[in-house]
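Q: If you read the sequences in order, they're chains A and B.
Every letter in the first sequence is one number past the one before it in the numbering used here, and letter 16, counting from 1, is 16.
With positions in the second sequence counted from 1, the corresponding number in the numbering used here is that position plus 1000.
Keep in mind the hints are simulated off the structure, nothing from the lab.
In this text the structure is predicted, and so the values were computed from the model without any measurement.
A few of these clues could be false.
Unchecked claim - Within a straight-line C-alpha distance of at most 25 Å, the following computed DSS-like cross-link-like pairs (lysine-lysine) qualify:
{"no.": "1", "chain 1": "A", "residue 1": "LYS220", "chain 2": "A", "residue 2": "LYS102"}
{"no.": "2", "chain 1": "B", "residue 1": "LYS1365", "chain 2": "A", "residue 2": "LYS102"}
{"no.": "3", "chain 1": "A", "residue 1": "LYS122", "chain 2": "A", "residue 2": "LYS102"}
{"no.": "4", "chain 1": "B", "residue 1": "LYS1138", "chain 2": "B", "residue 2": "LYS1082"}
{"no.": "5", "chain 1": "A", "residue 1": "LYS53", "chain 2": "A", "residue 2": "LYS102"}
{"no.": "6", "chain 1": "A", "residue 1": "LYS220", "chain 2": "B", "residue 2": "LYS1224"}
As the list claims (entries may be wrong) - Just a sample of chain A residues kept apart from chain B, beta carbon distances all over 10 Å, derived:
{"no.": "7", "residue": "ARG88"}
{"no.": "8", "residue": "VAL97"}
{"no.": "9", "residue": "THR113"}
{"no.": "10", "residue": "ASP120"}
{"no.": "11", "residue": "ARG156"}
Stated by the list, open to error - Here chain A is said to cover these stretches of chain B; the calculated rule only asks that three of the stretch's residues, wherever they fall, bring their Cβ under 8 Å from a Cβ of chain A:
{"no.": "12", "segment": "1114-1126"}
{"no.": "13", "segment": "1141-1150"}
{"no.": "14", "segment": "1185-1197"}
C-beta atoms are modelled at their ideal positions from N, C-alpha and C, and glycine is treated no differently.
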Amino acid sequence: MRTLITGPLLAGLCVAVLTGPMRAAEEGACYVAGSLVHADFALPRTAAAIERKHVSIVVLGSASSSLPGAEGAAKAYPARFQESLTRRLGPDVTIKVVVRTKARDTASEMVKTMRPLLADEKPDLVVWQTGTVDAMLGVDPEEFQTALGTGIEVLRGGKADGVFVNMQYSPRTDSMISLGAYVDAMRFVALQREIPLFDRLGVMKDWNEMGVFDLSTATKKIDVAERVHDCIGRMLARLVVDGAMLAKTNVTGSGSVDTPNKDNH
Amino acid sequence: MPPAAAPAGRDLRLDLFRGLALWLIYLDHIPSNMVSWVTIRNYGFSDATEIFVFISGYTAAYVYGREMNNRGFIVASARILKRAWQVYVAHIFLFVIYMAEIAYVAASFENPLYSEEMGILNFLKQPDVTIIEAMLLKFKPANMDVLPLYIILLAGFPPMLWLLLRNATGALVVSVVLYAVVWYFDLNLPAYPSGTWVFNPMAWQLLFVFGAWCALGGAERIGKVARSKPVFWIAVVYLAFAFLITMTWYFPRLAVYVPRLLSESMYPIDKTNLDVLRFAHFLALAILTLRYVPQDWSALTWPIMRPAILCGQHSLEIFCLGVFLSFLGHFAMVEISDGLAMQVVVSVLGIVAMVATAALISWYKNIEGRKSPRQATPNADLAGGEA
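All chains, please: the whole structure from these sequences, using the hints.
A: Written out as structure tokens, the structure is:
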């Protein structure tokens, strides 16, 4: 009994001690907003895939999951996320990231594309970035919330973990796009369905406030945008690794791999 | 049944709290403003909108109820509709300012990080549709939802006022039934480019009519109950409960202490349709206010209260100014600095501008009132212009 409890505790402690300095190096200046990024819920399927040394991930999103230009795909956060994950998990874990972005898809339109996506790619994890398009079109927040819930059910039915990514912080359009109701809806669904949420909005707000990035300058240059995406990718990788680790401690601790499924109603 | 008599003298509390509500709405409308932490929406379910709508209903009944008793249904209705028209014009004016802001940003701001967010400017590409939808009250950009609600509430008010004057309780029942029907069938007005109205007028009318009912003698009828000890304690407990729940939104780690059953039955707390929890929260606040701020409270005449009261007395103008100032304040924050000092400066300057404008409007009304002797009837100027 005692070893059962102290085992994972010790393991967790070792992991924390070992990953501490590595974390700081990996995250660099992005780290200032680190306290906002934590996996509140476990990612059991991702953890199992890491164990199998092969993780298949889909990033499903709208325009803000990509960057313009010839180098855009390599510099946007999904690619940076893949790189950071590889660094964190070591070279013997293969990580495949498929990016599916459609500029003007609302959450409910994305849900429609999910089933074929799951069948084709069989992902262990789907990073689902959404909300901005819905807010701009003024989709009923309740409808948005329902779409998020349905989407999560589809993902779980397809045996994939889910991670939400919310909106960008955009100071220039802050007074034109009312994000509030959509941010709340996503946070609520995340809590209710036990889905880790990457609070991109909060993180970018922190970066802007602390002067890591100046997000209100008008510019044609892409360098700041690239660094922002690089940071988002790194922080997202941290959240996913944390979520997977949480699943491992859950397995040894209480043996409840299937807890995320308990409220599939 | 004898028509209910409007109470004599203006209740300064209404002006005071409407003025404060206008300040809070202004602070809440500036995005990423730390100063808005002081506003009530962060400490409970309801916010300044409830106060504004309730007091608007109260004053509308107070002013036009007397008019309907004295000069009949037609004259009073005509005046109410004239007021609705004024609010409509004000809304279009704000829309023009909003368009100017958007067009400026579209022309001057470029950043590869925000190609998605710039989609909000797409409607500039089809001004034909956008402007017509705005005139039909279907296109309502951010922070411009309250006036369309107010327009519909006023436009539908004449028959409701007629009924309120004949059978106040019956009118309240009609209002509650409409509210229930709206909830049951999930009814709302359509909006452009998609979705529905942010403030569903058919749900929010409940608060407006309740305010009107209170003005027409309802307040005295429930006064005893509202001032009783048990009701007071229920209100206190409910406010404390709402406060604790709200804290779990800002400190998500606390959310685990909210029982699942409770959170499942409670959420989402629907602002669009005036959730019953929000209505109850407003009632609880009103009960506490009744207890601690009596109508003859001497502090109401203190100079320090004067700025808020002045703003409350010219609510339409000050509301519009507040929306405009919140655009301007946000613009200044983006252009110059968005540090905490700037946020405080913008918040304070905005409120000062609102007070100065209210004082100016009072002065205008005063000199205009002196010119025409018909306006000199006691209180008509003060109350008549500002329902």
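Q: Now look at each hint and say whether the structure bears it out.
A: Verification of the supplied hints:
1. A:LYS220 <-> A:LYS102: 22 Å, holds
2. B:LYS1365 <-> A:LYS102: Judged against 25 Å, a Cα distance of about 56 Å means the pair is violated.
3. A:LYS122 <-> A:LYS102: Holds: A:LYS122 and A:LYS102 sit about 20 Å apart, inside 25 Å.
4. B:LYS1138 <-> B:LYS1082: 21 Å, holds
5. A:LYS53 <-> A:LYS102: 30 Å, violated
6. A:LYS220 <-> B:LYS1224: Given pair A:LYS220, B:LYS1224 is violated - Cα atoms ~66 Å apart, limit 25 Å.
7. ARG88: 25 Å, holds
8. VAL97: 20 Å, holds
9. THR113: 18 Å, holds
10. ASP120: At roughly 25 Å from the nearest Cβ of chain B, A:ASP120 sits farther out than 10 Å, so the non-interface label holds.
11. ARG156: 19 Å, holds
12. 1114-1126: n = 7 at 8 Å, threshold three: holds.
13. 1141-1150: holds (count 3)
14. 1185-1197: Held - the segment 1185-1197 of chain B has 6 residues with a Cβ nearer than 8 Å to chain A, which meets the minimum of three.
Hint check: violations occur at hints 2, 5 and 6; the rest are consistent with the structure.
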